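Residue numbers (this note's numbering), protein chains in the order written: chain A, 31 to 523; chain B, 31 to 523; chain C, 31 to 523; chain D, 31 to 523.
Note that these hints are calculated values from the structure, not bench results.
Quick caveat: nothing in here was measured; it's all calculated off a predicted structure.
Take every hint as true, because none was put in to throw you off.
Which copy is meant is left open, because identical chains are indistinguishable; a pair holds if it fits in one copy or across any two.
Below are the DSS-like pairs computed for lysine-lysine, each with C-alpha atoms no more than 27 Å apart in a straight line:
id, residue 1, residue 2
1, Lys409, Lys147
2, Lys381, Lys409
3, Lys479, Lys517
Chain residues, written in single-letter form:
4 protein chains.
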Amino acid sequence: MSIVSTDVRPAYKVADLALAEAGRHQIRLAENEMPGLMALREEYGPLQPLAGARITGSLHMTVQTAVLIETLVALGARVRWASCNIFSTQDEAAAAIVVGAHGTPDAPAGVPVYAWKGETLDEYWWCTDRAFDWSAEAEATGADWVGPNMILDDGGDATLLVHKGREFEAAGAVPDDQPGDSEEYRIILATLRRTLAETPTRWTTVAEEVQGVTEETTTGVHRLYELFARGELLFPAINVNDSVTKSKFDNKYGIRHSLPDGINRATDVLIGGKVAFVAGYGDVGKGAAEALRGQGARVIVSEVDPICALQAAMDGYQVARLESVADEVDIVITCTGDVDVITVDDILSLKHLAIIGNVGHFDNEIDMAGLAALPGVEKVEIKPQVHEWRLPTGRSVLVLSEGRLMNLGNATGHPSFVMSNSFTNQVLAQIELYTRPEAYPVGVYVLPKALDEKVARLHLDALGVELTTLRPEQAAYINVPVEGPYKPDHYRY
Amino acid sequence: MSIVSTDVRPAYKVADLALAEAGRHQIRLAENEMPGLMALREEYGPLQPLAGARITGSLHMTVQTAVLIETLVALGARVRWASCNIFSTQDEAAAAIVVGAHGTPDAPAGVPVYAWKGETLDEYWWCTDRAFDWSAEAEATGADWVGPNMILDDGGDATLLVHKGREFEAAGAVPDDQPGDSEEYRIILATLRRTLAETPTRWTTVAEEVQGVTEETTTGVHRLYELFARGELLFPAINVNDSVTKSKFDNKYGIRHSLPDGINRATDVLIGGKVAFVAGYGDVGKGAAEALRGQGARVIVSEVDPICALQAAMDGYQVARLESVADEVDIVITCTGDVDVITVDDILSLKHLAIIGNVGHFDNEIDMAGLAALPGVEKVEIKPQVHEWRLPTGRSVLVLSEGRLMNLGNATGHPSFVMSNSFTNQVLAQIELYTRPEAYPVGVYVLPKALDEKVARLHLDALGVELTTLRPEQAAYINVPVEGPYKPDHYRY
Amino acid sequence: MSIVSTDVRPAYKVADLALAEAGRHQIRLAENEMPGLMALREEYGPLQPLAGARITGSLHMTVQTAVLIETLVALGARVRWASCNIFSTQDEAAAAIVVGAHGTPDAPAGVPVYAWKGETLDEYWWCTDRAFDWSAEAEATGADWVGPNMILDDGGDATLLVHKGREFEAAGAVPDDQPGDSEEYRIILATLRRTLAETPTRWTTVAEEVQGVTEETTTGVHRLYELFARGELLFPAINVNDSVTKSKFDNKYGIRHSLPDGINRATDVLIGGKVAFVAGYGDVGKGAAEALRGQGARVIVSEVDPICALQAAMDGYQVARLESVADEVDIVITCTGDVDVITVDDILSLKHLAIIGNVGHFDNEIDMAGLAALPGVEKVEIKPQVHEWRLPTGRSVLVLSEGRLMNLGNATGHPSFVMSNSFTNQVLAQIELYTRPEAYPVGVYVLPKALDEKVARLHLDALGVELTTLRPEQAAYINVPVEGPYKPDHYRY
Amino acid sequence: MSIVSTDVRPAYKVADLALAEAGRHQIRLAENEMPGLMALREEYGPLQPLAGARITGSLHMTVQTAVLIETLVALGARVRWASCNIFSTQDEAAAAIVVGAHGTPDAPAGVPVYAWKGETLDEYWWCTDRAFDWSAEAEATGADWVGPNMILDDGGDATLLVHKGREFEAAGAVPDDQPGDSEEYRIILATLRRTLAETPTRWTTVAEEVQGVTEETTTGVHRLYELFARGELLFPAINVNDSVTKSKFDNKYGIRHSLPDGINRATDVLIGGKVAFVAGYGDVGKGAAEALRGQGARVIVSEVDPICALQAAMDGYQVARLESVADEVDIVITCTGDVDVITVDDILSLKHLAIIGNVGHFDNEIDMAGLAALPGVEKVEIKPQVHEWRLPTGRSVLVLSEGRLMNLGNATGHPSFVMSNSFTNQVLAQIELYTRPEAYPVGVYVLPKALDEKVARLHLDALGVELTTLRPEQAAYINVPVEGPYKPDHYRY
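Isolated chain A, as found in the complex (with noise of 0.2 Å):
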């Protein structure tokens, strides 16, 4: 446990100011590769829309995200954070982001995030629980406790806190554990019946004073609308997930970088000349496929889309099904967010030493159970994330991250520009729940295309494009105002 925050920033001691000096140091290189959430400084910094914001944040504590961090502050925000993932954070960003951009332990500047790298689940939830405890600050107020305004999630989890925590408030009591319920459930309970002995109406407070979530993944967005339908949503949502600056950058761009980089990383294997098979063809599966066509892999797509499927073929790529084609196949990337889309019957008619990442959603895209329990079959260590399984059949594959997200976990996962993009996203979002309330009634919206757009034109002039301006007779003759949005909702890019 490398960083622990404490509620009181005055009395917290930072571990190892080294590590936030280190921190400090990837903060200032991201944000150049993050020009949007830097022009949204500019733009907005002078006019503080999230003043009187206090924002509890759940996201991967990372580089980037200490750059949205450090924006949402610059903005007028007041922001607690903890992670949304036991593994994801970067301890040196932490650090940094405790100690604040200019000032040492004691300086206000900081900002309490409860992240490390390798929490347990119970630290995990006891973490998320902190991130929405803004006491400290209530002595001034004489409240009897303080949570926040806005919250800001990645998958949901610091949303099902409210929700859950407020209907057990309501019902008087968190019920017992049931005997189908899993771990992190319990866990989750056990967090809830701690926080109702301590403060019996904390959750229905935070739930009347949220005014509203940004959810960053499709996992969250699901979640809320699945709420939305049965009429438990609390507050409104905007789905940040759905941009096109978000789905189309992050998973087609985002894994274009990341998927050789982590093939690169975990194996060293030449790419050039193999044969790739890239199992889906959605935007993550266009950008796997591209870049693995890019480093001189033939490439072989399979789809149960077919207007997906006819794409891929469109695109020059053979398209089948893996049992026809497994027995030549060097290289397996799933990119489907399906489950046991590589069967363990695949794993043996792959190639020896054929290497199988994931890079859709859950470990079990790769029926990771069944091949552990295959008889006679072995797991070796070749090095952390990757392992060699010798299979009966005396062959081997080489399997990354355990089947998790291997563009995480053997490479950095999505770059800062990338994440540039969704951050942006995210605090455009933040202003709008936060200062336009009357705009959102309770229900889950995308943003508005014009911000959609914003989110892309700030990031031009970092790259030297040069957008053209329509005369007025142009847009005119579109019709779409001059400054846009200059596309129907549907418009597919």
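Following the hints, position chains B, C and D against chain A.
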């Protein structure tokens, strides 16, 4: 005038049976490239879903359209056809359709076609009107006048005639020409004056009997949405243009094919090593840029939409305004759908003998009028559809197809395989509107996602694509039916 | 026969001045695409290095060749020309050259050209002989018969005529036809019998006076090396074919341009999504594969040379034998220079209406004879140079240009910019041999590296290429002159 | 100093058996990626062509080299090894080789290796000398001193030591240090003073007994040609560097792999959308440009050689001088082998935080000395091998690997598959020189084309490449043997 179909087929005299035979050869080859239509014949032929349908078609009378028409007939429809453009008819295709697949001029297999290459505007609207008149068949029924019960439209001219005709019939008279009326509008009015004289309730009848229209293009779709917004739309419409398998295929892959084809046929200039400027990075621009890069050009893109501009940058293209780079540009291609994208000043700045072509929309994407009005300019025909414009600067430029769509004027437009996607959408849309009228109250619809996916599915075998099938537990995991549809409506592909 | 140039130009009657004017337009456009030749005119025009040269040329009489001829004239040479192929003459180019750049049929600017599209073999060899006969000029000199002192050859026919003629003159007679002689060889013998009768020492004189030949192609170069190896070569030769700026540009970038052009003009079939098979991965195959991939095809390559096969794999292509994949192939392109690369069995295995084209060498790359001899086969002309062969299997294939070079037969061959590279080599080679005979004892040479680099240099400005200049200390460090040459002779580029 | 092999293996103490085991894992994985070497073991193992060979190797002691060494041993050779670079040893590979494939430290399978990561120059030359000393084996033979009869060299240091040693032995003494001598040369002299004292005819013996050297790199080959030109070369040499399967694969495909890998590991910066400048478009530059474009960068190339410049343009790249575009460049990569390609002025003109990396040659491609001497410049280590240089302009640049080869310093160099090509050439060259000494009088040779093709052939199966076999009549037609070689020596691939 090479082909005119008169109404009474037994008496019809085909100008040129050899022409019809040549057309039949081409239709046979095109059938091999239009697997979607051929699959529909196989699937629906026995069911005859269009039995009873009288379809008036207004769409370019090409070889591909011939395969469409014969597919409609194979599904039970009776069909009458006009072209939607005075230049686009391929006479051999028209002749072949009139003669019929296996028939002779006297056999019943033929379909009345009112179209020939190089119509006058007068002839054009006469042809369109003729495609509505089934009265010869009416003799048998005893009805006064018989029109269609379905329309298949491209650009909306057939739909326009019905709406205007019914409006004037209701008013009791066609209005007089007004000073600002265009030449074409005067011809439309004259046409309707004649029909009103002949059959005073002709268009009222049509408007009542037509179950719906399926519309091919952006322009026609735009008109339909406007009619509907004003409450004037008379029957339901399916917007075929915005099917994924139309817009993303037609625009991107069609242009990728026909743009270099047109440049080559027009100029025989080596594209490799040249600097090519692509104005607009929508689907058309994406296809254009890919084609030019694939031939070794260095491609510079311009955009007004920052999202598309960012996509262009992420795809590795320089993004610049034309005025910044005009003096290094060898080839300029417009892909915007807007006006005056290339101004006279731009033209004056280009390299000597730079090539200018338009694959976007109308000839006003390039300021052709301004160019012609330039003092001292001289226009020299190098060959048909290729003109050297000698500029007062001493330099020249080569303008393709007079600034009109050069992929049509200098090449042969979209190839059959691309049109097979569009036209399979058309046929499915006709079946929807004709067989399930209750599902389509007056309004403008896109095809259900399942049918869009079906269109793609029908084109896979021809390309050797092996589609993967979801196992039921996989379908359940991502919450879609095994057989699709697989994506939410807002999915961007 | 549209154009015949007789020897005495004042009396020459041009068939068609309009044709000459059309040719002149095309020459003017081609000049813009042939910057190497135009730069030579500028650099060497004032120096007249070819003053006194009498050049007999035997090379396809196209628009590009017209620019070559006028460059030779601009450098001081007198020129006579024949085509090296009975079909390849562009009559408008021939007419323009005969008429001359600024002239009329009676003006002195024209050059005698003996070439028209569609010669018989008799006419072909008569034309070749005519290009050698400068006797009309001899009247002034008083000599009996005057021939060239330089030859510019393509394929070696002009060189062959001199060598055979001299051999038979030395023997005192042309031998009788022998049973196994080809038709063409009999015509050559007949031609030489006639010249021997007219001027018994004609070819002996030519052989003595010619300072050298510059040869354009592989075939001609091969003949030259054989002649030299047998000790029979009569004058020095420069092998233009193996200049880097010829072989690596012509073959790769020329085919990249003209292959898809030919497929499009011949068939209008969408290349995207198709499976294309490229036989041979030399420079031609590399260009072909790149072009097809650039249009979205999936490309499969075959090779016999393991080095080229490994290159293809490293470039991301599947490498397979045709028989392994024939049943999934839509387009077959031969790029080998060998015989029977596509056998009848291969053809029988292809998909219905698969397209077969040759860009390698002769029509025997495809077993056309075997195909024609197949029992039950039927050949249907779809249009000129495009034939459907209906096979006994019930399937068909489309054969382009009867199996001959389809980039010539269905498209227009190499574009001007590519030919500018070849022809600039030709002119520099002519200058070398003519002005520095002492440097070239009888033998076969490639152009010095410095001239090869010069050819490239002269093509850079037109493409906007900025060349970097070595600083003297940089040149010293890598031990090359500042101005080049920069690479050892064995460098592979 | 992690590993030192002393001369008497039974007494050798391996520092770290766990290290050896880790190396053995990596060697096993590398074997799968080095099919050429494994195929040689299978083909030649039974024949033992290197029985009796005593090979002194001087080449980076990596995992790949381990597979090379064990291949030489499998073919009968006895081997001693030093690294050719003080930093490049992978200690686990060295340890594994010393221990031997199946052995223990006391087993005879190991090979003496004198190499560890981070040698001093003193240690380096001591190691090199040790690799020549087989005296421990001499006890059995009774000879005074025993050296190698073959050398396998990379960069020529082993060859240099023999030549200098013999020269000084002949002179009777090693000369005194001179004022201008480099530090390294003084160390070489000291080393030779010591050997002369120990064994006065050591190098004379070696020079007599060595049958030849096979040299890996450009630098070493250059030295060999110079020695030969001066008549000082003491034994024949095979230039492995200029085999096609070395130069065209190593340089192009190796860099395509390791360049983006190095950028990613060093900076995690998104390459997509960035402007990348590639100095030099030889094989290395071609691979670099392709890799960067494949990741979505816009690539600008510079060249001094007009032929390569024209190739770059034809491949679709902008070609410009750095000073013309420096202010839009995000990433600069040098691929030239020349000095001061990036000057301090260039560096001052780049964008803030532009990345500078060298994959060409020495660190002097970038004027690192000039940069360090710039008044006011500040160097900040971001992490090992990544430094921010803060410039007096207020901007910074990131320099990778201190200007040395960043594909080695920031990534892991050429992957195994690429090295398998080089090393298969090495082994075949060793067999040639050792088994056919009569065929190689003193001189510098490249491998016969047939062996070059063989190297390629041995790498095809691993990639699933199906080679086509010429039929005898096809081979006859193009006048090559059925089994090759297929191309003339000057063929450029």
